[in-house]
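**Q** Sequence:
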Amino acid sequence: SGLRNVFVSFVFSIAPLGIAGLIAVFGWRETLWGMALIVGFIFSVLALFFIRDNPASCGLLPDGKKYNAKKEVFQEKLSLSLKEARRSPVFWIYSLSLAIHAFFGTALTFHIVAIFSESGLSREVAFSYFLPVAIFSTSANLLASWLVDSSALKPFLIIMLGSFILGSLGFISLDTKWGYWALAFGFGIGGGLWHVVSNLAFIRFFGPAHIGEVSGFSTSISVFASALGPFVFSAAADVSGSYGTAAKLCLLGLIALLVAALIIPQTEPSSPC
1 SGLRNVFVSF
11 VFSIAPLGIA
21 GLIAVFGWRE
31 TLWGMALIVG
41 FIFSVLALFF
51 IRDNPASCGL
61 LPDGKKYNAK
71 KEVFQEKLSL
81 SLKEARRSPV
91 FWIYSLSLAI
101 HAFFGTALTF
111 HIVAIFSESG
121 LSREVAFSYF
131 LPVAIFSTSA
141 NLLASWLVDS
151 SALKPFLIIM
161 LGSFILGSLG
171 FISLDTKWGY
181 WALAFGFGIG
191 GGLWHVVSNL
201 AFIRFFGPAH
211 IGEVSGFSTS
221 ISVFASALGP
231 FVFSAAADVS
241 GSYGTAAKLC
251 LLGLIALLVA
261 ALIIPQTEPS
271 SPC
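Going by this note's numbering, the sequence shown opens with residue 1, and the numbers climb by one from there.
Any given hint could turn out to be false.
[Said to hold, decoys possible] Below, simulated EDC-like cross-link-like pairs (lysine to aspartate or glutamate); rule was C-alpha separation at most 20 Å, straight line:
{"hint": "1", "residue 1": "177", "residue 2": "118"}
{"hint": "2", "residue 1": "83", "residue 2": "213"}
{"hint": "3", "residue 1": "248", "residue 2": "175"}
{"hint": "4", "residue 1": "248", "residue 2": "149"}
{"hint": "5", "residue 1": "154", "residue 2": "238"}
{"hint": "6", "residue 1": "177", "residue 2": "124"}
{"hint": "7", "residue 1": "248", "residue 2": "238"}
{"hint": "8", "residue 1": "83", "residue 2": "238"}
These are calculated hints, taken from the structure and not from any lab test.
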């Protein structure tokens with residue numbers, strides 16, 4: 001999954017720049033039709049032939065490990081249902097940390113030209129922002145994917161939130177040179193770590209038996225936040241006259257989440273010997 005996430009992080013970060021280029025060449029309607037064809041037909045065919053439900057259906061085990069009946073029983077006992085997971089503060093600190101990035105990041109991407117214009121920066125500068133973000137995101141994801149196999153997840157969550165805080169400060173000070181790079185570095189590093197954290201948090205803390213409903217519920221929170229973000233930023237700009245108002249509110253939320261991440265115990269169940 002770490003290798004996959006390298007490609008996901010890069011494409012996810014660079015996609016707005018690529019889409020903007022396609023719109024400039026072909027127009028927005030033609031670009032949408034082209035994307036619909038690629039996603040709806042080509043990727044559906046690829047999924048039909050190459051995607052499987054799980055490694056076991058292909059005679060494989062995750063990470064190439066040998067089957068251990070005792071360990072399988074142990075893992076089943078460690079697994080928590082969605083109802084049990086929702087009673088854990090760990091579930092909420094990870095879910096809300098992932099969701100605030102979806103909220104903030106989607107709003108930033110959606111309003112990128114207007115946000116940069118508010119700070120006196122051109123459309124070209126706005127779209128050029130995505131290139132350093134892609135580089136920072138891919139680099140962070142590659143390094144974190146290598147380190148996380150032998151590390152607890154808590155430090156990655158803390159660094160992710162700290163990176164988003166730096167990015168928020170850059171957003172608020174976007175009219176300065178350091179603000180641009182703080183925004184790119186913060187959201188780039190944080191975005192790369194976001195993929196690592198979202199992949200591993202729920203399987204590590206709540207086990208494999210109910211991972212679908214646990215991670216699915218968390219994902220639904222992020223999807224809702226992603227849909228809400230652009231509207232809230234737009235409304236904040238209409239009411240206060242600046243997108244920075246919403247960014248400051250997000251900054252407060254990120255600081256609160258960072259404090260919670262530091263003080264909430266995050267013990268990952270260990271496997272038996």
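**Q** Give a verdict on every hint.
**A** The hints, checked one at a time:
1. 177 / 118: Given pair residue 177, residue 118 holds - Cα atoms ~15 Å apart, limit 20 Å.
2. 83 / 213: holds, 10 Å
3. 248 / 175: holds, 15 Å
4. 248 / 149: violated, 35 Å
5. 154 / 238: violated, 38 Å
6. 177 / 124: Judged against 20 Å, a Cα distance of about 16 Å means the pair holds.
7. 248 / 238: At roughly 15 Å apart (the allowed maximum being 20 Å), residue 238 and residue 248 satisfy the hint.
8. 83 / 238: violated, 40 Å
Checked against the numbered hints above, the structure violates hints 4, 5, 8; every other hint is satisfied.
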